[in-house]
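A.B. asks: Knowing the structure of chain A, use the given hints to seat chains B and C on it.
Residue numbers (the working numbering), protein chains in the order written: chain A, 12 to 302; chain B, 176 to 499; chain C, 8 to 278.
It should be emphasised that the hints constitute simulated quantities derived from the structure, not laboratory data.
Worth double-checking, as some hints may not be accurate.
[What the hints assert, rightly or not] Capping the alpha-carbon separation at 25 Å, the derived lysine-lysine pairs in BS3-like fashion look like this:
id: 1; chain 1: A; residue 1: K104; chain 2: C; residue 2: K9
id: 2; chain 1: C; residue 1: K97; chain 2: C; residue 2: K107
id: 3; chain 1: B; residue 1: K417; chain 2: B; residue 2: K441
id: 4; chain 1: C; residue 1: K9; chain 2: A; residue 2: K195
id: 5; chain 1: B; residue 1: K189; chain 2: C; residue 2: K97
id: 6; chain 1: C; residue 1: K265; chain 2: A; residue 2: K104
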Amino acid sequence: MPLLILLIPSLLFLVAVFALPLFRYTWLSFHADSVMTGLVAIPNQGANWQRFIHDTRYLQDLFQTLRFSVVSVTAEIVLGLVIALILHQPMRKRALIRSSALIPWALPTTVMALGWRWIFNTPYGPIDRLTQSWLGQSLNALGEPSIAWITTVYADIWKTTPFVALILLAGLQTIPSDLYEAAKLEGAGSWICLRRITIPLLLPYLGLALMFRLAQAFGVFDLVQVMTGGGPASSTESIALYAYWNALRFLDFGYSATIMIGSFVILSSLILITWLVVTTARNRSQQSLAR
Amino acid sequence: MTLELENVGRNINKQWIVENICLTVADNECLALVGPSGCGKSTTLRLIAGLDPVSAGSIHIRGRDITSLSPSERSVGMVFQSYALLPHLTVFENLELGLRVRGVPKPERRFKIKGILDLVQLWNRADNRPAELSGGQRQRVALARALLRDPEVYLLDEPMSNLDAQLREDIRPELRRLVLEQRKPTIYVTHDQHEAMAMAQRIAVLHEGRIEQIDTPYNLYHNPESLFVARFIGRPQINCLKGDSGSIRAVRPESIRFSDEGLSGKLQSREWLGNSQLLFLETQQGVIRMMTSPDQGIPAQIRLTWRAEDEILFDADTGLRSRR
Amino acid sequence: MKATRFLILALLVWSLAPLTWQLYTSFCIDQALVTPFASLNQRWTLDHYQSVLNSNPPFIRYLLNSLFVGGLSTFLTLLLAIPSSYSLSKMGRRSSLVIKFFLIGCALFPYVLLFLALLEIARYLQLGNSLIALAVPYAALSQPLAILLLTNAFSDLPAELEDAARVEGLSVVQRFRWILLPLISPAIASTAILVFLFSWNEYPIALTWISDSGKLTLPVAMARIAGSSIHSVPYGPYAAATVIGSIPLILLVMVFQKPIVSGLTTGAVKG
Chain A
12 MPLLILLIPS LLFLVAVFAL PLFRYTWLSF HADSVMTGLV AIPNQGANWQ RFIHDTRYLQ
72 DLFQTLRFSV VSVTAEIVLG LVIALILHQP MRKRALIRSS ALIPWALPTT VMALGWRWIF
132 NTPYGPIDRL TQSWLGQSLN ALGEPSIAWI TTVYADIWKT TPFVALILLA GLQTIPSDLY
192 EAAKLEGAGS WICLRRITIP LLLPYLGLAL MFRLAQAFGV FDLVQVMTGG GPASSTESIA
252 LYAYWNALRF LDFGYSATIM IGSFVILSSL ILITWLVVTT ARNRSQQSLA R
Chain B
176 MTLELENVGR NINKQWIVEN ICLTVADNEC LALVGPSGCG KSTTLRLIAG LDPVSAGSIH
236 IRGRDITSLS PSERSVGMVF QSYALLPHLT VFENLELGLR VRGVPKPERR FKIKGILDLV
296 QLWNRADNRP AELSGGQRQR VALARALLRD PEVYLLDEPM SNLDAQLRED IRPELRRLVL
356 EQRKPTIYVT HDQHEAMAMA QRIAVLHEGR IEQIDTPYNL YHNPESLFVA RFIGRPQINC
416 LKGDSGSIRA VRPESIRFSD EGLSGKLQSR EWLGNSQLLF LETQQGVIRM MTSPDQGIPA
476 QIRLTWRAED EILFDADTGL RSRR
Chain C
8 MKATRFLILA LLVWSLAPLT WQLYTSFCID QALVTPFASL NQRWTLDHYQ SVLNSNPPFI
68 RYLLNSLFVG GLSTFLTLLL AIPSSYSLSK MGRRSSLVIK FFLIGCALFP YVLLFLALLE
128 IARYLQLGNS LIALAVPYAA LSQPLAILLL TNAFSDLPAE LEDAARVEGL SVVQRFRWIL
188 LPLISPAIAS TAILVFLFSW NEYPIALTWI SDSGKLTLPV AMARIAGSSI HSVPYGPYAA
248 ATVIGSIPLI LLVMVFQKPI VSGLTTGAVK G
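So here's chain A without its partners, still in its complex pose (with noise of 0.2 Å):
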């Protein structure tokens, strides 16, 4: 009994931080809070959610997210796990390659946000004057809906390839090398060994950093607010940046308390199929494995 004391104060404060919210996002998405109710809550039955079924934009902007969520999660998982495989090889000044690799992760989003738009600035950016170079025309990288988003991605693979290679690192460690040596005395090449032995040994950890990247990047706020604003043309405009926009500019927060426990449920029924995906993958490969 006394144990479960100890625990209390912990729970508590994740209840209020993390439970309470839910709940009332869940009573602020049936009422008008706005502005125009002069910031008081009153009852409006399901007109939020009549609004939120039909909001174009919110559409629109689900599928932006997801579409940067999955593009840039695949690209980090691939990349993370060229980056471990790299870490892994014996070599020398070995913790200040991983410090130097660990650099993009650490630092705060907002700063890099910053840097990048620079870095990406049309016509002065570095980029841009690489592009007028030798394409003879400027990727306006920033400025156009089409490739904003992409420089967007560009920027999130940038900063958490690290922390995804950091879990694949350690499934590696994890692989005993005599697999490798087996395999090797019965004549498989690098590329089977890749193929046979570490991508399945390595399928919890690459499920693992799969399920914690696509919740985060589900999420994304301080890159798109802080590099884009959301533009040009609302092109990166993000689930989370959405229900800031309405909290904080349009001062509706009735409608953004419906947009996030509506984000909500649509997060929770992904992760759950992710995890359904990856834990019969899983199963499959054992099952392989054993035999």
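C.D. replies: Then chains B and C, alone, in the frame of chain A:
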């Protein structure tokens, strides 16, 4: 009696881990608890130390009921299997910690620790950390910590299982000198029956949370009360043959002899043990283990026999000794 | 071997080139930024740093604010998480598993979505513009990671160490002081550094809680500089701010690489 356990039991989630443990240990007596892993021998020790709560029964030390006292109020000295020395403290600091929390003043602490470390011949290693000591030295530090308390009862939980076989043999006389000369009741938990026989005056065999038999090493070997004890005590294991009317006849391997008549068999394999040899003989009663002198020849026609008084009878259903 | 070396070099370029460019920019005069290939009699300057450091409030202020919030929330997190992890590590398998799943769920939750409710709480309790109050949600948000890491550390300790101490008569507090805290100190260091990094970098909550320009944390201050104008080009001062804002963290990563890596990876290996 100095240490008394009366019907002591421990219950977790409605399941008895140990049950109805009754033990008495006199001053100057060492009792060994043996049994297969999971039989409850360590749990019994932890109940006496107060590390786990007692669910039933009572424990007395010198007539004082300690059943619900905290470990520190019980005056027990305990040596753990892993020695439980703190890696970040020196030998001296490890020993000092208990004295410090019990409020012993500093000069006295130093005096006592010096005395104990001299006794275990480790005063010169007082400023070393446990990692810098050998396994045997660590064990002596753990022992020194128990001695330092000058407790009413000594509890040793597999104190030698982390040492290699040679070292164990070397340390046994040392351990007897240090612990048994304190003339306090000592309980020695081990899974190694040789160690139990070497260290203890009496041995309690535990099986599934209950005491099967408490007796002298001699009696456990020659007069086991149950089939379990007969099989557990003695290596190579006792031979069990089917007797008539639902009984089991058990015969020690060294009691088997070659003869002109009796059970016929065939040599399956043999092991040389230096001062003896162990023969595995296939008979229609199953494989029989026979221990004999190393120069014993093998007859062409193998027939096995033994003296009637070397045979121990058990009831096949209850596993208990049946007297003729 | 040669291929590995090339790949390592590529990795370093990939990680460090953007920062290097910021460093270069921060020392260039505006003219050099706009026309990089023109020959100029004077290319280098410290003006950008001067303007950033002498602005009102001075940039150092933001670093100190972040340091304060980071330190306080790390302390609060550990204060809450150490006892919780201890009790979780002593709990039965099934109940501890339930709590661990709950914690993992919280850790997965994109906390950005919480800002509105937290803002309401801050307004209701009048905690806006208080750096001390800001440490409270940070500590709460850090609980899942901290508890999971520390519980692993407690569970890895041999139980006999604590048993021996109980026989010797050490109370719970004394066991923490002499045995548990010294032995899990590597895990505490990992947790502390990860929580500190989180608090130092946190943006959405600080953005909505703090409006007083003297109390901004570094991430919000950076965003404010950026938000001041999108089309004009004060990129020299931007770059100088980026460099100054990055230096403390680069040092932190260089010094604490080991505990950071072990903190991130033990979570992965055991979770």
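A.B. asks: Now tell me if each hint is right for this structure.
C.D. replies: Going through the hints against the structure:
no. : hint            : result
1   : A:K104 x C:K9   : holds (16 Å)
2   : C:K97 x C:K107  : holds (13 Å)
3   : B:K417 x B:K441 : holds (19 Å)
4   : C:K9 x A:K195   : holds (22 Å)
5   : B:K189 x C:K97  : holds (20 Å)
6   : C:K265 x A:K104 : holds (13 Å)
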